[in-house]
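Colleague: Protein chains in written order, with my numbering: chain A, 45 to 300; chain B, 45 to 300.
None of these hints come from the bench; they were simulated from the model. Treat the hints with care, as some may be off.
In silico SDA-like cross-links for lysine to any residue, where the CA-CA straight-line distance does not exceed 25 Å [unchecked claim]:
1) Lys246(A) with Asn123(B)
2) Lys162(A) with Ala238(A)
3) Lys109(B) with Ser222(A)
4) Lys265(B) with Ile294(A)
5) Lys108(B) with Ser222(A)
6) Lys72(B) with Asn211(A)
7) Lys108(A) with Gln225(B)
8) Lys109(A) with Gly223(B)
9) Lys109(B) with Gly135(B)
On the chain A side, residues computed to face chain B include the following (Cβ under 7 Å) [claimed, not checked]:
10) Asn199
11) Thr203
12) Ala206
13) Pro228
14) Asp232
All C-beta atoms, glycine included, are put in the ideal place defined by N, C-alpha and C.
There are 2 protein chains.
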Amino acid sequence: MTTDTIPKECAVEFTLQGKTVRLGGMTKGSGMIHPNMATMLCCITTDCAITKEMLQKALSADVKKTFNMISVDRDTSTNDTYILMANGLAGNPVIDREGEDFDTFCEALSEVSTCLAKLMAGDGEGAHKLLEVVLSGAESHEQAVTISKSVITSNLVKTAMAGNDANWGRILCAMGYSGAQFDPEQVDLVISSAAGELALVKNGIATDFSEELATNILSQKEVRVDIDIHMGTESATAWGCDLTHEYIDINADYRS
Amino acid sequence: MTTDTIPKECAVEFTLQGKTVRLGGMTKGSGMIHPNMATMLCCITTDCAITKEMLQKALSADVKKTFNMISVDRDTSTNDTYILMANGLAGNPVIDREGEDFDTFCEALSEVSTCLAKLMAGDGEGAHKLLEVVLSGAESHEQAVTISKSVITSNLVKTAMAGNDANWGRILCAMGYSGAQFDPEQVDLVISSAAGELALVKNGIATDFSEELATNILSQKEVRVDIDIHMGTESATAWGCDLTHEYIDINADYRS
Numbered sequence: 045m046t047t048d049t050i051p052k053e054c055a056v057e058f059t060l061q062g063k064t065v066r067l068g069g070m071t072k073g074s075g076m077i078h079p080n081m082a083t084m085l086c087c088i089t090t091d092c093a094i095t096k097e098m099l100q101k102a103l104s105a106d107v108k109k110t111f112n113m114i115s116v117d118r119d120t121s122t123n124d125t126y127i128l129m130a131n132g133l134a135g136n137p138v139i140d141r142e143g144e145d146f147d148t149f150c151e152a153l154s155e156v157s158t159c160l161a162k163l164m165a166g167d168g169e170g171a172h173k174l175l176e177v178v179l180s181g182a183e184s185h186e187q188a189v190t191i192s193k194s195v196i197t198s199n200l201v202k203t204a205m206a207g208n209d210a211n212w213g214r215i216l217c218a219m220g221y222s223g224a225q226f227d228p229e230q231v232d233l234v235i236s237s238a239a240g241e242l243a244l245v246k247n248g249i250a251t252d253f254s255e256e257l258a259t260n261i262l263s264q265k266e267v268r269v270d271i272d273i274h275m276g277t278e279s280a281t282a283w284g285c286d287l288t289h290e291y292i293d294i295n296a297d298y299r300s
Numbered sequence: 045m046t047t048d049t050i051p052k053e054c055a056v057e058f059t060l061q062g063k064t065v066r067l068g069g070m071t072k073g074s075g076m077i078h079p080n081m082a083t084m085l086c087c088i089t090t091d092c093a094i095t096k097e098m099l100q101k102a103l104s105a106d107v108k109k110t111f112n113m114i115s116v117d118r119d120t121s122t123n124d125t126y127i128l129m130a131n132g133l134a135g136n137p138v139i140d141r142e143g144e145d146f147d148t149f150c151e152a153l154s155e156v157s158t159c160l161a162k163l164m165a166g167d168g169e170g171a172h173k174l175l176e177v178v179l180s181g182a183e184s185h186e187q188a189v190t191i192s193k194s195v196i197t198s199n200l201v202k203t204a205m206a207g208n209d210a211n212w213g214r215i216l217c218a219m220g221y222s223g224a225q226f227d228p229e230q231v232d233l234v235i236s237s238a239a240g241e242l243a244l245v246k247n248g249i250a251t252d253f254s255e256e257l258a259t260n261i262l263s264q265k266e267v268r269v270d271i272d273i274h275m276g277t278e279s280a281t282a283w284g285c286d287l288t289h290e291y292i293d294i295n296a297d298y299r300s
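Excised from the complex, chain A in its bound form:
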């Protein structure tokens, strides 16, 4: 049985030394998703000519910023799989070292894997929307990862999202208990979606925002939260989803 509701596929074409190279992938998984490259299944293929070592290097770097940055339920599976295969048929000079070609390949890989990771988070069990949290102004990448993941995995943030509730307090609370150090009085927080953009918090204090506009923004299928902690120049992006009645239906009620 699968609880996936949509096919998750993505592909790009790019050019290497005049040769057109193709890279495409598919993933499956919607519950027990908090990958630590452990029910997630991802297969990406390319016709790029690239050595096994450079392929592994690209995959290892990529996964940290894509699949390991999504969470549906904070339950890491025992068997996540990310397979990356290349057959070399594009005819480009074999990539066997770092450099411009490798960077181009990694960019294409990142485009496909980020697309697939977002498809998974947005199709989380019972989810009605994709939540993207961009944490910027961090002192280190680790700090940015810790805070952004703490926000997307919070059940209270996820239920607030399900209710289209601009509950910035739950977001700041999840940032605080993440263990990362930051000054709450330096925090700026902006929500955005296809319905517009709205600053909820400026220097740690709630703005006099329109609840109606906030609700409209949060009612969209993709919601982004930008948080700036004004400590440095590092950033990280994490993806999650709302926590709804349907998640309970899928995981508690399926035997009744």
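Keeping the supplied structure of chain A fixed, place chain B upon it in accordance with the hints.
Modeller: Then chain B, alone, in the frame of chain A:
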């Protein structure tokens, strides 16, 4: 607004050097409960004669095994409070050092605070039952704490509990992703409640258990899971609750 559904009170009497000493407490809180002595409110009073230093020592040791071992939603609050007050009216010789009297006091405190901690976990927002996880056979207390807390905070374990589903796989999965090291082939797992006791896993392999009996056991208001990892003699107990539709109602739907 509070989402507590019951008053949470507990008291004991004990004897110190021939004097009757009383110790009682109250707590409130049902959401944003994953205390790290930060919405939880707990006040315990006693007429025991005891110095401020020894009172703090008793509290600091106690909280690690009681309130810091419960979780409703894994969302640590910004303002948990645990107050312990003593007025000395019992007339016992003032406790000002470690020893038999201090141990007696700590036992009484543990009885009351454990009772209050369980009342909070069982009255978690939307909860239908209290889940107690006892992890034994650990190499260290930290290992036992890490594994037991990983199990009680798993959304998939909590929804399985809501569905009265003997889903031992989700429990072993949460143990595995806790980060603690153990041999899955050495794990024994037993569930119990007022409806009986049942071994689900022996040496890492599912027993041929009765699904009907398992469902009956899990349908009770208090469910216990005993897990033995056969590595040592340390143990820890953590308390949580099931994750239900009512949790979503309380935290997502209250504005609609």
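Colleague: Of the hints given before, which are not true for this structure?
Modeller: 9, 13, 14
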